Amino acid sequence: MTAATLSVSRNSQMRAEAIAGYAFAMPALFLILILLILPIIVVFMISLTDYQLGALTWSWVGLANYAEMMADKAFLRSLANTFIYVAIVVPGSVGFALIIAILVQERTKSKAIYQTIFFLPVTTTLIAMSVVWHFLLNPSLGPVTSLARALGFGDFDVFGDPDLVLVGLAVIGIWQLVGFNMILFLAGLTAIPRDLYDAADIDGADGVWDRFARVTWPMLGPTTLFVVVTSTITAFRVFDTVAVITRGNPMGRSDVLLFTLYKVGFQDFNIGPASAMTIAFLVFVLVVALAQAFLIDRRTHY
Amino acid sequence: MAPVPKSRPRRRTDRLVASLTAHFFLILGAAFILLPFVWMLLTSIRPASEVFTAGFNPIPSAFAGVENYSEALTKSPLLRFMANGVFVCLGILAVQLLFAIPAGYALAKLSFRAQPLIFALVLFGLTVPVQVTALPIYIALARLNLLDTYFAIMVPFFLSVFGIFLFRQFFKSFPQEIIHAARLDGFTETEIILRIIVPSAMPAIAAFAVFSITSHWNDLYWPLIVTTSPDHATPPLGMMIFRDQETGSNYGALMAGAAIITAPLIIAFLIAQRHFVRGITMTGVK
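Going down the list, the sequences are from chains V and C. Going from the first sequence to my numbering is simple: count from 1 and add 22. Going from the second sequence to my numbering is simple: count from 1 and add 676.
A few of these clues could be false.
[Stated by the list, open to error] If you want the footprint, here are the derived chain V segments under chain C, 3+ residues with CB under 8 Å:
1) 105-114
2) 117-129
3) 151-157
4) 260-267
5) 284-292
6) 305-316
[Stated by the list, open to error] Footprint (simulated), chain C over chain V, 3 or more residues, beta carbon under 8 Å:
7) 64-72
8) 199-212
Simulated from the structure, these hints should not be mistaken for laboratory data. Here the structure is a predicted model, which means the values were calculated and not measured. Using N, Cα and C, we set each Cβ at its ideal position, and we do this for glycine too.
Just need the whole structure built from these sequences, with the hints factored in.
Structure below.
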């Protein structure tokens, strides 16, 4: 074969590859365009109009929907509630997961069984388990409340008490998330070289706390950051427990962002403000994603 | 200075104390995790009358499991909801694989002009939750008169950018020489995917299947929006419908219903734990 024919065949091979590439990627690209890109553009456009479901005419209203959203006490309250919820669930689920992962990793025979138990809530239908939690904490019939009463803690109604309701929901959030975070921490822990502990041991750092402070914690830095980010995103999207247990009650104290979005958009069909909220939600999610990309990039090269 | 060697017995008791302390905290944590599961099962076999007086007494006075479970199955079309769940999950998974595997192969192994752009769109899509696209897709479905159909429940998830991303990463490490050799043997690109890539990607497909099925079996937000009749309700929605009919009257049957709905995934998890842990945490470990 001469150089010319070789380059011709290489060219035709490259063309064949490009054609195949387009053929295989096009169906997915089509879905990306109609199920992802187009909806985002549409929801942004709607947020600038007074469009109503089924209406034949609509007009541009500028930022009126955003102004209405920012003046809406229920929206601001749900945003504040969501942040409180995140502020409880993230430290709770990350902190407990780290402790559990360290304790579980050192077990030999019982490691597998503990892992199974802690991971169980991750796979389970949260809606069904929310019904169970609702019953467990039921002020008159629930075993947890009966036990507390018998031990002399008095009566309490977690989901009926405006000051306790977010804590109650956050406990369920932690219950669901802790096993997932534990697995991520276990992966991080396995990656720490044994030699580092031996070296610390020789340096005299052989206590549990010393080993943690000098080796485990610094080496887990990138994992911890990652777990915090994924937990934040998960906690920010809390919906199921609120929809099943409290529906935003009492007095809107458990209204969270996605539940408010659901009510405004799909129960009241108040399309304009709902699309403004959707854009606000998207902006938040993108900010977290960018922060993650930025932080992880910087933190992994020390 | 050389470290002072500690005496062996002290180290051994130290280790015993450490291990006992660890077990103490782990058992405490495990009890918290298991509490709702145990109470769900106990209440599901407890006589209805006893639920109101049981308090924290764990042991039912009589076995009423048959009544409770049969009531859960007859009062509400639980089996219908589960069948809907199976149909919806398998439908979504099939379409996701059909679109994501070729796209993943194209992004990993074929070079063409639009490739970086498509990959960038995939990475962008990874950060966008379904709640962002829900409103416009809902409006489109309403206009097309497609609300409250299986299609409506499934359609937003036909695209899994995560699936495309996962398969792209997996195929990336597939040896180029094998693909090259297959081409020289006269394999078309489609044959390469079907006969070489897919068989080698079975672990990735299994992990993705677990991820996809658990997320859509458990999803509430979207089915709640597009479903109005119980006919197409998926298990989580069915659980809510059942709960609303049962409010305050029969906790035994309600817990039996919760047990029935959670059973398939729990059993599958206990059988194939490794796949579950891998499949679900894959979103985390990239």
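Here is how each hint holds up against the structure:
no.	hint	result
1	105-114	violated (count 0)
2	117-129	holds (count 7)
3	151-157	holds (count 5)
4	260-267	holds (count 4)
5	284-292	holds (count 3)
6	305-316	holds (count 3)
7	64-72	holds (count 3)
8	199-212	holds (count 6)
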